[in-house]
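Residue numbers (the numbering used here), protein chains in the order written: chain P, 335 to 625; chain S, 24 to 259.
Simulated from the structure, these hints should not be mistaken for laboratory data. No incorrect hints appear here.
Straight-line distance between alpha carbons at most 16 Å, and here's what the computed EDC-like set of lysine to aspartate or glutamate pairs gives:
#1 P/Lys518 x S/Glu83
#2 P/Lys518 x P/Glu501
#3 P/Lys518 x P/Glu429
#4 S/Lys212 x S/Asp238
#5 S/Lys141 x P/Asp517
#6 P/Lys518 x S/Glu82
#7 P/Lys436 x P/Glu501
Estimated spans, in silico, between C-beta atoms of each pair:
#8 P/Val606 x S/Gly87: 51 to 59 Å
#9 P/Leu438 x S/Ile84: 21 to 29 Å
#10 P/Gln613 x S/Gly144: 32 to 40 Å
#11 P/Ile445 x S/Tyr41: 31 to 39 Å
#12 S/Gly87 x P/Thr506: 19 to 27 Å
#13 S/Leu256 x P/Trp614: 54 to 62 Å
#14 S/Gly144 x P/Ala460: 47 to 55 Å
#15 P/Trp614 x S/Ala106: 49 to 57 Å
#16 P/Leu438 x S/Glu98: 48 to 56 Å
#17 P/Gly435 x S/Gly87: 16 to 24 Å
#18 S/Leu165 x P/Thr506: 21 to 29 Å
We put the beta carbon where it would ideally sit given N, CA and C, even for glycine.
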Amino acid sequence: MRKALAGLTIAFSSAATLLLFAAVLLFVGVIVFRGWPGLAPGLIFGDTRPLDALLLRRQVFDGLFPAMAGTLALVALTMTLAVPAGLATGIYLAEYARGRGKALLSLLFDILAGLPSIVVGLAGLALTIVLHRLFPGRIGPCLLISALALAFLVLPYLVRSVQLALESVPRTLRLTAPALGADKLTTIRAVLLPACLPEIAGGIILAVGRAIEDTAVIMLTGAVASAGVPRSLLAQYEALPFYIYYISGQYADPEELQRGFAAALLLLAMCVVMLVAAQWLARRGSLRRQP
Amino acid sequence: MTTTMNGKIRTESLSFSYGERLLLEDISVEFADQAITAITGPSGTGKSTLLTVFNRLWEEIGGGPLHGQVLLRLEGRWQDIHAPEMPVSTLRRRVGMVFQTPNPLPMSLAANLAFPLKLAGIDDKEEIAARSREALRRVHLLAEVEDRLVSDARLLSGGQQQRLCLARALMLRPEVLLLDEPTSSLDPKACAGIEELLLELKESCAIVLVSHYQDQISRIADQVYLLGERTLLRQR
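Chain P on its own, in the form it takes in the complex:
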């Protein structure tokens, strides 16, 4: 009976894994199949010379460069806001918070992690309206407010990954630095965080993935169909996920839909590049720490 149950478990697990693998393969396959023909030379820069576009000498009107630049700027700004706050909160929860306060804060971040992004987007919109009333004509939907809202959205992933990573450090390693005379802050900085670097990088990768693909938040807080490369934090901007959303609902001909798939392929490629880079950095950081 036990043997049959073990066999059934293995069979079910293998089938589930195969099914998931096939679904991912199918998903990526469809994106590549539909998007690949759209990867024409002019897809990113249109008629503008790439160097002129990259140096911001000329605007790109018929390519995806502004949306790519907007997405990169948005993710960079989001992570700049979220990573320090997430690290600090995760450290606080793992190393300093105790008892009921810790349980309450942990529960709060778990609830936040499950918050639908449209709700966060609405909160961002409400903040925009308040700021617009306070500073009429100067602040409206913009890159900064989108980044703030997205940072709020990804914060629970960062906090919980840092907290869980720190809490899983073996006790003897945790006690090593204090046994040598280190204080708590030195122990966290010199031992615990470097020891958890791969797990923390994993949390950051998750957060980057969440921030780069989100559409609900940005469509309510600053992303538009046509704005060019964002020139300031208070400017509106274009973003690849919003472009894909917009094109899939508004396309006029099959060629335009194909551009949407090509944009999805680019977004996928950007995600892969960022994930690989983050993993490489984490591995390099954890295995090659110089004296």
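We have chain P; now place chain S onto it with these hints.
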């Protein structure tokens, strides 16, 4: 209790609990300098806890309260390790500790060795390099790692990692060395190397060794105590 001329650590009516559970009760004992004192006994009786009492590491784990006194002979004078003039960081620099599991810090070999010195405010690169070589030589590791001091310490074998941890503990030239079953995760060859090393090291400090291995204790220990029923009984 009477004190001896070559005593290094002494407890007076020491009692220690973890919450409701009394682990050590009314222990008055003195461990000799330049000797290996072995503490043995069944699992869960508080041998490792007793070690953490001597460098106040239990305060990082939680536990207590601690009653009684723990004294350390420094510059010929017995000093209370809980006295305000003995900061805990100073105490831990004079009382080194090596754990059961090898625990290299997540950094290079050289950085592992430099870490305690930097904590103690010693930044001179030449001094750090000289002390590192000396410590590695003492633990018979220098020849094996001399050409890869900048590589990650976690890439060493288990025996090498444990010897590195011992070298790191020796960097500050401690007067007492606390060893919590330091050979339990090592193979017989590495274990023999550590034992030989401890016999050399005892010439310069007091060693308190927690060990389950009776043959090891009979080979290297000068004093042997059995911890059971919350108290220490001298066996040898």
